[in-house]
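Here are the chains, one letter per residue:
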Amino acid sequence: MFDAQQTPRKLPNRPGVGYKPQHYADLIQDPGTVGWLEIHAENYMGDGGRPIAQLRQLSERFPISVHGVGLSIGGEGALDADHLARLKHLVDWLNPTVFSEHLAWSTHDGAFLNDLLPLPYTDATLQRVCDHINQLQDTINRQMMLENPSSYLAFDESTWSEPDFLREVAKRTGCGLLLDVNNVFVSATNLDYDPRAYIADYPLDMVGEIHLGGHDEDEDDHGKPLLIDSHGAPIVDPVWALLDHTLSLSGPKPILIEWDTDVPGWPILHDEALRADAALAKLTTGVAA
Amino acid sequence: MNVSQNEFRGAIFDGGRARPEGLSDAKGQPAGRRFDVYRNNVAVSLTEALATGFPTIAKLIGSENFNAIAGVFLRQSPPSSPMMMHYGEDFPDFLAGFEPLAHLGYLADVARLEMAMRRSYHAADAEAVNPEALAAHPPERLTELVMTFAPSVKLLRSPWPIHAIWAFNMQDGPKPEAGGQDVIILRPEYDPVPHALAPGAYEFITALTAGGTLGAAAAVATDEVAEFDLSATLGLLLTGNALISIDLPS
Numbered sequence: 005m006f007d008a009q010q011t012p013r014k015l016p017n018r019p020g021v022g023y024k025p026q027h028y029a030d031l032i033q034d035p036g037t038v039g040w041l042e043i044h045a046e047n048y049m050g051d052g053g054r055p056i057a058q059l060r061q062l063s064e065r066f067p068i069s070v071h072g073v074g075l076s077i078g079g080e081g082a083l084d085a086d087h088l089a090r091l092k093h094l095v096d097w098l099n100p101t102v103f104s105e106h107l108a109w110s111t112h113d114g115a116f117l118n119d120l121l122p123l124p125y126t127d128a129t130l131q132r133v134c135d136h137i138n139q140l141q142d143t144i145n146r147q148m149m150l151e152n153p154s155s156y157l158a159f160d161e162s163t164w165s166e167p168d169f170l171r172e173v174a175k176r177t178g179c180g181l182l183l184d185v186n187n188v189f190v191s192a193t194n195l196d197y198d199p200r201a202y203i204a205d206y207p208l209d210m211v212g213e214i215h216l217g218g219h220d221e222d223e224d225d226h227g228k229p230l231l232i233d234s235h236g237a238p239i240v241d242p243v244w245a246l247l248d249h250t251l252s253l254s255g256p257k258p259i260l261i262e263w264d265t266d267v268p269g270w271p272i273l274h275d276e277a278l279r280a281d282a283a284l285a286k287l288t289t290g291v292a293a
Numbered sequence: 688m689n690v691s692q693n694e695f696r697g698a699i700f701d702g703g704r705a706r707p708e709g710l711s712d713a714k715g716q717p718a719g720r721r722f723d724v725y726r727n728n729v730a731v732s733l734t735e736a737l738a739t740g741f742p743t744i745a746k747l748i749g750s751e752n753f754n755a756i757a758g759v760f761l762r763q764s765p766p767s768s769p770m771m772m773h774y775g776e777d778f779p780d781f782l783a784g785f786e787p788l789a790h791l792g793y794l795a796d797v798a799r800l801e802m803a804m805r806r807s808y809h810a811a812d813a814e815a816v817n818p819e820a821l822a823a824h825p826p827e828r829l830t831e832l833v834m835t836f837a838p839s840v841k842l843l844r845s846p847w848p849i850h851a852i853w854a855f856n857m858q859d860g861p862k863p864e865a866g867g868q869d870v871i872i873l874r875p876e877y878d879p880v881p882h883a884l885a886p887g888a889y890e891f892i893t894a895l896t897a898g899g900t901l902g903a904a905a906a907v908a909t910d911e912v913a914e915f916d917l918s919a920t921l922g923l924l925l926t927g928n929a930l931i932s933i934d935l936p937s
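Here the protein sequences come in this chain order: H and B. Heads up, the first sequence is in the numbering used here, so the first residue is 5 and it goes up one at a time. Heads up, the second sequence is in the numbering used here, so the first residue is 688 and it goes up one at a time.
Simulated from the structure, these hints should not be mistaken for lab results. Please note that a few of the clues may not be correct.
Stated by the list, open to error - Listed below are the simulated DSSO-like cross-link pairs for lysine-lysine, each with C-alpha atoms no more than 27 Å apart in a straight line: (1) K92(H) with K14(H); (2) K746(B) with K24(H); (3) K714(B) with K228(H); (4) K14(H) with K175(H); (5) K286(H) with K14(H); (6) K14(H) with K24(H).
Could you build the full structure based on these sequences and the hints that come with them?
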């Protein structure tokens, strides 16, 4: 049984990057300002070979955050028992510093859709998400962090605001939260609300990690901006500004740079990490954001 | 209006189906093409996963054809688990039965080769025997030896020149010539390498993996082709780190 009284381990309040194999040699040679790495759990569930060997090497050098992208915590059906067992196996041998997953669903009726699909914020969803998080935390015997999604649309049936929903999940399950600042910016633009109001409502004391990434710009049927979370572009200035605002309220946090498609060379990714480092440095030197 | 995940999934995979009601923009207007972000994400991410897993197939038929075929396949056979490294296990069979590609009979077996390379890449690590391990046994008892293969070793047989087709497209190899090929995939360290096998070697390796002795396996191979080259085949297996044990049965 997961013991909520146990003090969870913490990532350093430094920049981290989402690990891509093409950056392995650069990271081993000189990680620069990068203080920790995040991996997608599902990419390291093979029996062996290079992915596992590299992960073993990296885990000797860096704190590792395991980020699941396929558990379907919000799924209407039961969690996939085989997948839970694979997550437990990975967490057991790797002993990562933290584990996180998404407020989303991706599997229905045996089919995995390889995307983070949205949930209505209702009492029924709340109960289901809490049940699934309890099951996961009991299985891996540690706390997880739950990440806020990018939203492109709203469910008419929703009765909870997203920050209230996440706070209630954390309260009921003892899980931590992962705040994706780019997702807040994307959702706020798409659903026409103030991202700073969202941050003001978000339980920042429960946040153990911040995500930053790039997005694409599109339009809806009415010519209104429709931002799409792509993790395939540089982080835009308004998102950096929202990070500064968030940090001014939350204090320093571990900050991850996510870049998953059209992955750039190491120097460009490292420049993004340097910018996150500067945002953290502003806090300690007291320079206003 | 509540939206079930069943309805959501159905509308994602069927672009001709109406988008679910009960999904809106900030003003309460129907979500419209906002829903299509999910349709697009799912189709594009699964198509990219297939293109990454079957690069030779994509090259053989061109990326436009590949994407169109992937679009049919992913709706018929979405991933059955979040282990995307396994996605496409049934793609070769799909290609074999896909009528518009019936004139390219070799495609399914080339896809089987690519799937086998992916399985080899993710297979469990195992320490290979030293290439001198064979010589450590008394020469008069060599025929009695039994061998265990590394989990990364994969064996394929095709009526098509699948190794030559792969090499021509991926390694600047010479133009393939007609005729079937047997292929073994070896993973000396972390990168799987396919090798075309000489006549008899497929039968030899099959007999060994079934637990047969070296003598029995060599006899099966020589029955198949008199000129079976035992030492070249053993050399390939030993230098390719294919064997993890060579023992006299106790």
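Results for each hint:
Note on K92(H) and K14(H): the hinted pairing holds, with a Cα-Cα distance of about 19 Å set against a maximum of 27 Å. About 25 Å separates the Cα atoms of K746(B) and K24(H), which keeps this hinted pair within 27 Å; it holds. Restraint check for K714(B) and K228(H): the C-alpha separation of about 11 Å stays at or below 27 Å, so the hint holds. For the hint pairing K14(H) with K175(H), the CA-to-CA distance comes to about 19 Å; that is within 27 Å, so the pair holds.
Our distance criterion of 27 Å between C-alpha atoms is met by K286(H) and K14(H), whose separation comes to about 21 Å. Among the hinted pairs, K14(H) with K24(H) is consistent with the structure: their alpha-carbon atoms are about 22 Å apart, no more than 27 Å.
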